[in-house]
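There are 2 protein chains.
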Amino acid sequence: MQNGRLPPGVSARDFARALAAWKASVGARWVYTSDEDLDLYRDAYSPFWGEPEERLAAAAVAPDSVEQVQQIVRVAGEHGIPLYPISTGRNLGYGGCAPTYTGSVVLDLKRMNRVLEVDEYNASCLVEPGVSYFDMYRHLKERGSKLWIDVPDPGWGSLIGNALDHGGGYTAPAYRNHFEAHCGMEIVLADGEILRTGMGALPGAKTWQQYKFGYGPSLDGIFKQSNYGVVTKMGFWLFPEPEAYFSGTVMTPRHDDIVKIVETFNYLENTMAVHGLPSMYSQAYPMTPPTDPELLALHSAPGDLDPAALQAWVERKGLPFWTCSLKFYGAPNVVRALWDAAKARFAAIPGAQFRDGELIPLPLSPEQIARVHKPEFGIPSLEMFYIGARSETSPNPSNGHFWFSPIIPRTGAAVIEANRVIRRTARELDLPILIFSPPVGSWSRAFILVLAMPITRVPETDRRLRAAVRQLIKVCAEHGWGEYRTAPAFMDTVMDMYSYNDHIQRRVDERIKDALDPKGILSPGRYGIWPQHLRQGRR
Amino acid sequence: MQNGRLPPGVSARDFARALAAWKASVGARWVYTSDEDLDLYRDAYSPFWGEPEERLAAAAVAPDSVEQVQQIVRVAGEHGIPLYPISTGRNLGYGGCAPTYTGSVVLDLKRMNRVLEVDEYNASCLVEPGVSYFDMYRHLKERGSKLWIDVPDPGWGSLIGNALDHGGGYTAPAYRNHFEAHCGMEIVLADGEILRTGMGALPGAKTWQQYKFGYGPSLDGIFKQSNYGVVTKMGFWLFPEPEAYFSGTVMTPRHDDIVKIVETFNYLENTMAVHGLPSMYSQAYPMTPPTDPELLALHSAPGDLDPAALQAWVERKGLPFWTCSLKFYGAPNVVRALWDAAKARFAAIPGAQFRDGELIPLPLSPEQIARVHKPEFGIPSLEMFYIGARSETSPNPSNGHFWFSPIIPRTGAAVIEANRVIRRTARELDLPILIFSPPVGSWSRAFILVLAMPITRVPETDRRLRAAVRQLIKVCAEHGWGEYRTAPAFMDTVMDMYSYNDHIQRRVDERIKDALDPKGILSPGRYGIWPQHLRQGRR
Chain A
10 MQNGRLPPGV SARDFARALA AWKASVGARW VYTSDEDLDL YRDAYSPFWG EPEERLAAAA
70 VAPDSVEQVQ QIVRVAGEHG IPLYPISTGR NLGYGGCAPT YTGSVVLDLK RMNRVLEVDE
130 YNASCLVEPG VSYFDMYRHL KERGSKLWID VPDPGWGSLI GNALDHGGGY TAPAYRNHFE
190 AHCGMEIVLA DGEILRTGMG ALPGAKTWQQ YKFGYGPSLD GIFKQSNYGV VTKMGFWLFP
250 EPEAYFSGTV MTPRHDDIVK IVETFNYLEN TMAVHGLPSM YSQAYPMTPP TDPELLALHS
310 APGDLDPAAL QAWVERKGLP FWTCSLKFYG APNVVRALWD AAKARFAAIP GAQFRDGELI
370 PLPLSPEQIA RVHKPEFGIP SLEMFYIGAR SETSPNPSNG HFWFSPIIPR TGAAVIEANR
430 VIRRTARELD LPILIFSPPV GSWSRAFILV LAMPITRVPE TDRRLRAAVR QLIKVCAEHG
490 WGEYRTAPAF MDTVMDMYSY NDHIQRRVDE RIKDALDPKG ILSPGRYGIW PQHLRQGRR
Chain B
10 MQNGRLPPGV SARDFARALA AWKASVGARW VYTSDEDLDL YRDAYSPFWG EPEERLAAAA
70 VAPDSVEQVQ QIVRVAGEHG IPLYPISTGR NLGYGGCAPT YTGSVVLDLK RMNRVLEVDE
130 YNASCLVEPG VSYFDMYRHL KERGSKLWID VPDPGWGSLI GNALDHGGGY TAPAYRNHFE
190 AHCGMEIVLA DGEILRTGMG ALPGAKTWQQ YKFGYGPSLD GIFKQSNYGV VTKMGFWLFP
250 EPEAYFSGTV MTPRHDDIVK IVETFNYLEN TMAVHGLPSM YSQAYPMTPP TDPELLALHS
310 APGDLDPAAL QAWVERKGLP FWTCSLKFYG APNVVRALWD AAKARFAAIP GAQFRDGELI
370 PLPLSPEQIA RVHKPEFGIP SLEMFYIGAR SETSPNPSNG HFWFSPIIPR TGAAVIEANR
430 VIRRTARELD LPILIFSPPV GSWSRAFILV LAMPITRVPE TDRRLRAAVR QLIKVCAEHG
490 WGEYRTAPAF MDTVMDMYSY NDHIQRRVDE RIKDALDPKG ILSPGRYGIW PQHLRQGRR
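Chains as they are written, first to last, in our numbering: chain A, 10 to 548; chain B, 10 to 548.
There's no promise every hint is true.
You can't tell identical chains apart in this list, so a pair holds if it fits in one copy or across any two.
Below, simulated DMTMM-like cross-link-like pairs (lysine to aspartate or glutamate); rule was C-alpha separation at most 25 angstroms, straight line [as the list claims (entries may be wrong)]:
#	residue 1	residue 2
1	150	469
2	352	252
3	269	303
4	155	250
5	352	272
6	269	126
7	269	250
8	155	349
9	155	272
10	150	45
11	155	392
12	352	129
13	269	349
14	483	365
15	150	272
16	483	426
17	269	505
Worth flagging that the hints you see were computed from the coordinates, not collected in a lab.
Between the sequences and the hints, there should be enough to build the whole structure, so can you do that?
The structure is reproduced here in C-alpha cells:
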C-alpha cells in the first residue's frame with residue numbers, strides 16, 4: 010500500500026532506505042506510507058483541496074521519544090528528506106497537519122504526550138508536544154491541582170503547537186498569549202543535537218520553568234513561527250485558580266464612543282485593573298448578516314457604511330451603539346472594587362450605562378461549567394465547532410475556512426478604519442464576507458482581527474477566494490496592518506509584506522536558517538523561510 | 010596625543026585610515042584617541058584596575074545618527090577592527106563603558122539621545138540608545154505626560170542599554186523586567202544593514218510599539234546580552250500613572266515561615282493580586298555586619314548558621330523573624346481590597362502580624378517625592394550611591410564593586426539554602442562578604458540575589474577576589490544556580506557553567522554570531538560569545 014509520492018529530489022531507493030531506518034527506530038507501525046494513512050495528514054480546511062497545489066505528505070513517522078526524534082532527523086539529513094514536525098496538527102484554519110512543502114515527511118509528535126512535571130508551588134508545568142489542552146486539564150483535575158491552563162477556542166490542540174504558532178486564549182494577559190507564557194524549551198536541531206534554552210542550559214538548574222532568559226542571547230523566540238528545530242519539551246506558566254470571576258458590561262450610545270472606550274480599556278489593562286480578554290461589539294456591526302431589514306439595507310447599500318445612518322438605526326431601535334464586557338479575576342472584594350473603578354472611568358463617556366454581571370466564586374460547580382464560556386475558566390472545549398456545523402438555523406454545514414488575522418492598532422480609530430477598508434476591499438473583490446466586527450483578540454498592546462474565509466472545495470471558487478485574499482493581504486499591508494499568522498497557502502505572501510529594507514527580516518531569518526539547518530530539511534517554506542536550495546521556488 | 014594602542018591584528022596604517030574615515034563621517038571632535046579621553050572609557054569598577062588584564066579601548070567614536078553608525082560599522086568591517094557599542098556606559102558593577110576585549114573601539118552612542126515618540130493613548134515610547142532615565146523622565150514631565158517609566162536604581166543609565174543587559178526596576182511585573190517591557194527594535198548589523206524587528210518589518214506599520222512578535226521568528230531576544238548588532242532604536246511600554254500607591258507589611262515569627270511567605274507571595278503575584286517588587290528581609294540575616302553583639306557572635310561562630318539560635322535571638326529581642334512588604338498600584342478602593350485579600354491569605358501563617366502603610370494618592374507632591382523610594386514611583390535617582398560613599402557612619406568610601414547575581418528558585422527553601430551555601434563558600438574562600446540576604450530581585454518567576462563584591466584596586470587583593478568569585482560561580486552552578494548577568498571579567502566563566510550538552514547553547518550562539526557577523530567585529534567576547542578567529546583565546 011506504498012503511495013507513489015517521493016520527497017522532491019530524493020530517489021526511490023534513498024527514500025526506501027530512510028523509511029527502513031525509521032521503521033527500525035520507531036517500529037514499523039509508526040511509519041505511515043499508505044494513501045489511506047496519509048489521507049489523515051491532509052489539511053481538511055485546505056484552500057487547495059484536491060488541486061495540484063494542495064500540500065501533501067510523502068509519509069509520516071511518529072516517534073515516542075526525544076532519542077527517536079534525533080534518529081529520525083539524522084536519517085532525514087543523510088538523505089536530504091524534508092521533515093514537517095507537527096504536535097497534534099489541530100490548528101484548523103492555519104494549515105492543520107499538512108506540510109508546507111509537498112513531499113515532506115510529517116514528523117508526528119502525537120505519541121510524545123507526557124506531562125513531565127507540574128509544580129504547584131511555582132504554578133508551572135513541563136510538557137511534550139503531544140499533550141493537548143484536554144490531556145493537561147485532565148492531568149491537573151485528576152491530581153486535585155488548583156492550577157488553570159489558558160486554553161484556546163477550541164481546546165483539542167497541543168500546548169506546544171499552539172504556543173509555537175502564537176495562539177492565544179481568554180484569561181489574564183500574562184497567560185493568554187501562549188508563547189509569552191512559556192518558560193524553557195528543549196529543541197532537537199537539524200543535526201540531531203539537543204538544545205535547551207533559558208536555564209535549561211545549566212545542568213541541574215532548578216529554574217528552567219521559572220526564569221525565561223538564561224544568560225546571553227534569548228534563543229526561544231527564533232523557534233516560534235519558524236523551522237529551525239523540533240521542539241520536544243516546553244515549560245508553561247499556569248494560572249493559580251483565583252477566588253472568583255466577575256464580568257461587567259459597559260454600554261455607550263454613540264458611534265464615536267469607540268475611541269474613548271478603547272482608550273479607557275487601554276488604561277485599565279495597562280494598570281493591571283482589568284484581566285480577561287474583553288469583548289467589544291456593536292449590533293450595528295453584526296458578525297453575521299443582519300436579520301433586521303433596515304440594518305440589512307444599510308449594509309447592502311453601495312459605498313461605505315454611513316456612521317450617521319447606523320447611529321440613527323441604533324437610536325430608532327433603542328439600542329446602545331457599543332457594548333463592551335470586561336472580565337476580572339480575584340478575591341470577591343477585589344473584583345468588585347476593580348469593576349467600581351472601571352465604571353468610574355467609563356462614566357466619563359456621556360450616556361454610558363452599566364450592567365453588573367454575576368460574581369462567580371471558584372471553583373465552578375458542574376452545573377456552572379455547563380453554562381459558562383469554558384475558555385474564560387481555563388476549561389478546554391470543542392463547543393466552538395457549533396459555528397458552521399449543521400443545525401436548525403444552519404442547514405448547510407460549512408466546508409471549513411481559513412483565517413485572515415491582521416494586527417491593527419489598539420485604538421478606536423483603527424477599529425473603525427479597519428472595518429471600513431476591509432469591508433470595501435471585500436466588496437470590490439467579491440469576497441464572501443460582508444460584515445466585520447471589532448477585535449476579538451487583544452494580545453500584546455494591539456488588536457488582532459480574526460476573520461473566517463470559507464472554503465468551498467470547488468476549485469474555481471477556491472481559486473478566486475485565494476486570489477482575493479492575497480489582494481486583501483496587500484491592501485491591509487498598505488494600511489500598515491500585517492497578519493500575525495496565516496495558513497501555509499499564504500505564508501510567502503504575508504512574509505512578502507514584511508519587506509522593510511529589501512526584506513532584511515527574511516534575509517536574516519534565512520541566514521539563521523542556513524546556520525542552524527544548512528541542509529534545509531526542517532519544514533521548508535514554513536512562515537516564508539526557505540532553505541538555500543529552494544529559495545528560487547518561493548511562492 | 011594619539012595613544013599607542015592598536016586593535017589586535019590591525020596595522021597602524023590601517024587603523025589610521027579607519028580613524029580618518031570615521032573623522033570624515035562624524036567629525037574629528039567625536040573620534041577620541043588621546044589617553045586623556047580614553048581614560049574616560051575605563052571601567053571605574055574594574056576588578057583588573059591597573060593590571061595587564063584590564064580591558065582597554067584603542068579609541069572611541071561617537072556618532073550622531075543611524076547613518077553614521079552604518080558608516081562606522083562598514084569601515085570597521087573593512088579593516089577587521091572590533092567595535093564595542095555602549096549606550097551611556099553606566100552599568101557600573103557590570104563593566105561600565107570599557108570593552109570586553111582590549112583594543113576594541115568603543116562605539117559611544119551617547120549623542121543619539123532623542124526621544125523619537127511618546128504615544129499617550131497606547132502608553133509607549135520609541136527612543137535612541139543615549140536616552141537616559143533622567144532624560145526620559147524630564148521629557149515626559151515637560152510635556153505633562155501621565156506616563157511613568159520603570160527605572161532601575163540608580164537611574165542615570167540608558168533605557169536601551171539597561172534593557173539589553175537585562176536590568177530591572179521596581180514597579181509592576183509587566184514593566185520592571187526592562188527587556189520584556191520593550192516592543193520593537195532597530196538594529197544596525199555588522200555589515201551596515203538595518204533590521205527592524207516585530208512590526209517594524211512592515212513598512213508603514215502603526216503597531217511597531219504595540220505588537221512585539223511580528224510574523225515569523227521573533228528575533229529580538231537574540232540581541233539581548235549578545236554581540237550580534239548595534240541597537241539604534243527601541244520601543245518601550247510605559248506605565249500609565251495609577252490613581253494611588255499602597256504598601257503593606259507582613260511580619261511572621263518563625264524561621265521556617267519563609268516557605269509559606271514565598272508560596273503566598275507567588276499565589277498573589279501569579280493571580281495579579283500584588284504589583285510592586287516585594288521586599289523580604291529578616292533582622293536575623295542582616296545586609297550589613299550586625300551591630301548587636303549577640304547576633305554578631307552567632308554570625309561570627311564557625312560553621313553554618315543555626316536556625317534555632319537565630320530563632321532564639323529573634324524571640325529574645327521581641328522581633329518578627331521575617332518582614333515582607335507588598336506594594337500595590339491602583340484606585341484607592343482597589344489597593345485597599347488587594348491588601349485585605351493579601352492579609353487574609355498571610356493570616357494562614359500562625360502569628361502573622363500586619364502593618365498598614367499609608368495610602369498615597371498620585372501624582373506625588375514635591376514634598377512626597379523627597380521622602381519616598383523614588384524608583385517605586387518611576388522617578389530616576391542617584392540616591393543609591395549613598396551606599397559606599399563617605400559619610401559619618403562610613404568614613405572610608407569604597408573603591409567600587411562588581412555584582413554577583415545568581416538566579417535561585419522562588420521558594421522559601423531556596424532562599425535559606427542559597428544563604429547557607431553562599432555564606433559557607435564565602436567563608437572558605439575568605440570572600441569579604443559575611444552575610445547574605447533574601448532576594449532583592451523577583452523577575453520572571455525566580456528570585457535573583459544581587460551581592461556586591463568590593464574591589465580594592467590593590468592588585469594582589471583583587472586577584473584573590475577574582476579567583477574566589479570564579480570559585481563561587483562554580484559552587485553555585487553545582488547547586489543549579491546560574492548568574493543572570495555578570496561583569497566582563499567573568500563572562501566566559503559564567504558562560505562555561507551553561508554547559509548542557511557540551512555547551513550547545515554557546516555553540517548555537519556562535520553559529521548565529523558567524524551568520525550575522527562573520528568578520529567578528531562586534532563586541533568580541535561579550536557574554537562569552539567569541540568570533541571564530543578568537544575562540545581559541547576564550548578565557
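Cross-check of the supplied hints:
1. In the homo-oligomer, the alpha carbons of residue 150 and residue 469 never lie at most 25 angstroms apart, since the shortest distance is 48 angstroms inside one protomer and 60 angstroms across protomers.
2. With identical chains, the CA atoms of residue 352 and residue 252 are at most 25 angstroms apart both within one copy (22 angstroms) and between copies (14 angstroms).
3. Taking identical chains as interchangeable, the C-alpha atoms of residue 269 and residue 303 are never at most 25 angstroms apart, the minima being 28 angstroms within one chain and 62 angstroms between chains.
4. Taking the shortest alpha-carbon separations for residue 155 and residue 250, only the intra-copy value of 6 angstroms comes in at or below 25 angstroms, while the best inter-copy value is 33 angstroms.
5. With identical chains, the CA atoms of residue 352 and residue 272 are at most 25 angstroms apart within one copy only, with a shortest distance of 14 angstroms there and 33 angstroms across copies.
6. In this assembly of identical chains, residue 269 and residue 126 lie within 25 angstroms of each other by CA distance solely across copies; the values are 21 angstroms between and 45 angstroms within a copy.
7. Proximity of residue 269 and residue 250 under a CA criterion of 25 angstroms is satisfied inter-copy only: 18 angstroms between copies versus 32 angstroms inside one chain copy.
8. For a Cα distance limit of 25 angstroms, the shortest separation of residue 155 from residue 349 across copies, 22 angstroms, qualifies, whereas the shortest one inside one copy, 28 angstroms, does not.
9. Only between protomers do residue 155 and residue 272 lie at most 25 angstroms apart by alpha-carbon distance; the minimum there is 13 angstroms, versus 34 angstroms within a single protomer.
10. Neither within a single protomer nor between protomers do residue 150 and residue 45 lie at most 25 angstroms apart by alpha-carbon distance, with minima of 36 angstroms and 68 angstroms respectively.
11. For the homomeric pair residue 155 and residue 392, the shortest alpha-carbon distance inside one copy (24 angstroms) is at most 25 angstroms, but the shortest distance between copies (43 angstroms) is not.
12. Taking the shortest Cα distances, residue 352 and residue 129 sit within 25 angstroms of each other only across copies (21 angstroms), while inside one copy they are farther apart (35 angstroms).
13. In this homomeric assembly, residue 269 and residue 349 come within 25 angstroms of each other (Cα to Cα) only inside a single copy, at 18 angstroms, whereas the closest approach across copies is 32 angstroms.
14. With identical chains, the CA atoms of residue 483 and residue 365 are never at most 25 angstroms apart, being 42 angstroms at best within one copy and 57 angstroms at best between copies.
15. Only between protomers do residue 150 and residue 272 lie at most 25 angstroms apart by alpha-carbon distance; the minimum there is 21 angstroms, versus 39 angstroms within a single protomer.
16. In this homomeric assembly, residue 483 and residue 426 come within 25 angstroms of each other (Cα to Cα) only inside a single copy, at 16 angstroms, whereas the closest approach across copies is 58 angstroms.
17. For a Cα distance limit of 25 angstroms, the shortest separation of residue 269 from residue 505 qualifies neither inside one copy, at 35 angstroms, nor across copies, at 53 angstroms.
The structure is inconsistent with the numbered hints 1, 3, 10, 14, 17, although it conforms to all the rest.
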